[in-house]
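All chains should be built: construct the whole structure from the sequences, respecting the hints.
Line by line, the protein sequences are chains A and B. Residue numbers for the first sequence follow numbering that gives the first Met the number 0, beginning at 0 and rising by one. Residue numbers for the second sequence follow numbering that gives the first Met the number 0, beginning at 0 and rising by one.
Derived from the structure by calculation, the hints contain no laboratory data. Treat each hint with caution, since some may be false.
Each computed DSSO-like pair below joins lysine-lysine, with the alpha-carbon atoms no more than 27 Å apart [to be verified]: (1) B:K201 with A:K204; (2) A:K47 with A:K2; (3) B:K277 with B:K258; (4) B:K89 with A:K41; (5) A:K204 with B:K85; (6) B:K8 with B:K201; (7) A:K193 with B:K62; (8) A:K288 with A:K313; (9) A:K41 with B:K92; (10) A:K249 with A:K230; (11) A:K276 with A:K382; (12) A:K372 with A:K388; (13) A:K47 with B:K92; (14) B:K170 with B:K305; (15) A:K193 with B:K92; (16) B:K85 with A:K193; (17) A:K193 with B:K90; (18) A:K193 with B:K89; (19) B:K85 with A:K41; (20) B:K200 with A:K204; (21) B:K201 with B:K252; (22) A:K382 with A:K313; (23) A:K193 with A:K204; (24) A:K313 with A:K379; (25) B:K96 with B:K201; (26) B:K96 with A:K193; (27) B:K95 with A:K204; (28) A:K41 with B:K90; (29) B:K9 with B:K201; (30) A:K47 with B:K89; (31) A:K47 with B:K90; (32) A:K204 with B:K90; (33) A:K193 with A:K230; (34) A:K204 with B:K30; (35) A:K204 with B:K62; (36) B:K250 with B:K201; (37) A:K193 with B:K95; (38) B:K9 with A:K204; (39) A:K307 with A:K288; (40) B:K96 with A:K204.
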Amino acid sequence: MPKNVAITGNGAMAEAMRQINPDVVAAFPITPSTQVIEDFAKFVNDGKVDTELITVESEHSAMSACIGASAAGGRVMTATSSNGMALMWEMLYIAASMRQPVLMTLVNRAMSAPINIHCDHGDSMGARDAGWIQIYAENHQEAYDNMIMAPVIGENMDVRLPVMVCMDGFLISHSVETMQIEDDQQVSEFVGEKVPLNSLFDTDKPVSWGALDLQDYYIEHRRGQLEAMYKAKSVIEDVSKRFAEQFGRKYDLFESYRLEDAERVIVAINSVAGELKEVVDELREQGEKVGLLKIRVFRPFPYEDISKALEGCKIVTVMDRSTSMGAYGPLFGEISNALYNLEDRPLLYNRTYGLGGREMLLDDLKDVFQESKDYLNNGKVEKIFDFLKVRGA
Amino acid sequence: MPNLQEMAKKDSAFSSGHRMCAGCPVPIFTKMLTRVTDFDIVVGSATGCLEVASSIFPYSAWKVPWIHTAFENVSAMMSGVEALDKVNRKKNKSDKKIKCIATGGDGGTYDIGIQSLSAAMERGHDLLYICYDNGAYMNTGIQRSGATPLGAATTTSPVGSVIAGKQQQRKDLTRIMIAHHIPYVAQASIHNPIDLSNKIKKGIEIDGPAFINILCPCIPGWRIAPNMAVESARLGVDTCFWPLYEVEDQKFKINYTPKEKLPVTDWLFTQGRFRHLKDDKWSHLVEDFQTRVDEQWDWLLACQTKTE
Ligand SMILES: Cc1ncc(C[n+]2csc(CCOP(=O)(O)OP(=O)(O)O)c2C)c(N)n1
Ligand code: SF4
Ligand SMILES: [Mg+2]
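Below is the structure:
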């Protein structure tokens, strides 16, 4: 039976993992994702899953073990954050290029240095070119739902790519919220079994994985990988539809919140969207035409759909919770790409916020909308790029 | 114990037509893998000569399932493969035990891969790790490693007028692996196929982690003629630079004792990489080399006596 529970984000991810019952989990502790693996270890030792848990000595080894088990045909999972993911870096690319649908909970945390355990998106944004499908979540329920969908998406035969399910460190991972955990049996049926492809254990038909690939083939293999990523877009839509039919919660590639006639729009990712919705509601009540576009799927990036959704609005503020040193924010770059081909382009600018866990209160977000109002009234953007709530600016 | 003639009739795990250098002895051990055992095997290789020269897409020399992902992680990667085999049997998806073998060069094993190796052994996976020690990063053009012997010239420890060759003694990885208290650790050499095949068979078939370190001369790296790999390995063993021994459940056994322990110079001066050591200017390096070899041999004899 589905049940309503009060649970932390990490606890919810561990529940999803228990229900998915993967063959192999390999992981290494790092705040704020540690609890996912602690809870899961308890499930293993209580016999609630059949999983082999490999308590590796590093995240590099975690991802390496996941890739090995996946190439042998298993469904594999891991969880990590910031520096842990950075240590996996080399293997993130290899998982994707070897088309291994490894599943990861990424609890977003700021990258060192300075060392910091709190939320920003520097870890996953830095990995955006690694070839992983990236799905983001505003809250506990979405993170859990995304994880239930992840194996079905990544293991689809047209896709076969790893999937990173991201949620905000502490804000979601450690806060308790009431949400629905679906019925074990129904989840199990929804995720099905992984179909092995060229498994290492097929000893009658031996395959070689990970060959040296030079000028005469590398580019074709990369292109094939990219095609799989493009196909992932419609697969995500299909799986989300199936999920809605079965469990009742509907997800698109991104969420359009009061966008229909919106003139001023904020684009953002993850938990800040919850607060932004409150602010949008309040401003709407005062008659302001504001809206929110919340990114769910960042890779593959749905350029055309987003450009359609933003067509007609007058000014767009992109809020990035990470920096690409020496460039505009990574989300801003994608949104400008999406908007460039519109005939009637809105004004567009970028605000960086929340690095290392710096909080954004409702009033701070109202200020953001106020600034966009001023810009719109003046008909021009004064500062394309700036920080929010930072000293010394 | 494998019979070499019978062994030769079995299919090899490794085909000819690979792109190792002419005279490279590494394939001597890869060809044995399926011939010494009836188990089905899966092989994983760390980045390095063997991996590169056996798998240039769209070709592969491997006739058994094989995987390579990176340089430093073969032990972790094969831990995952081994764990899946366990799960498959637990879930009754398979009733066939698959034996996992990891291979790495000295660079991938002594240096960049030691963390992942050590942890995989500590976790107790049923995994045989085979290190082929050719004493340098050969694939990238002969750079020094933690296994490079004292005094050897490599491209990152060249012979200069002030400093000649590698200035440090090599680390004794086999001893580090013994300290892991795993069921089986051995040192072998490619010049002795009977001893080598016995060890590989044991390493594969033993339940639990096993480690074998194989001395594998390298033609360009050691600056020897293509027909000299086997002879060079033999001298390495007869000088006791590379004793053949095994440690089973902490019991030491020396598998070969030279009739006459040759001076290390017999081994050193047949290789171009040590040629400069003939100059009296560097005689202290040769002395230090001999001292270390003697100490190591005495230690081994003592260990054997103590655990008899
Ligand atoms: C992380 C990483 N660093 C460096 C390299 C470059 N590299 C590839 S093989 C190799 C040396 C391999 O040496 P060894 O393990 O001794 O094997 P050999 O080539 O001697 O057989 C190096 C440095 C790499 N592939 N990956
Ligand atoms: S460089 Fe040395 S180890 Fe590498 S293939 Fe040639 S002989 Fe063998
Ligand atoms: Mg080497």
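> Which earlier hints can't be squared with this structure?
Replying inline: none
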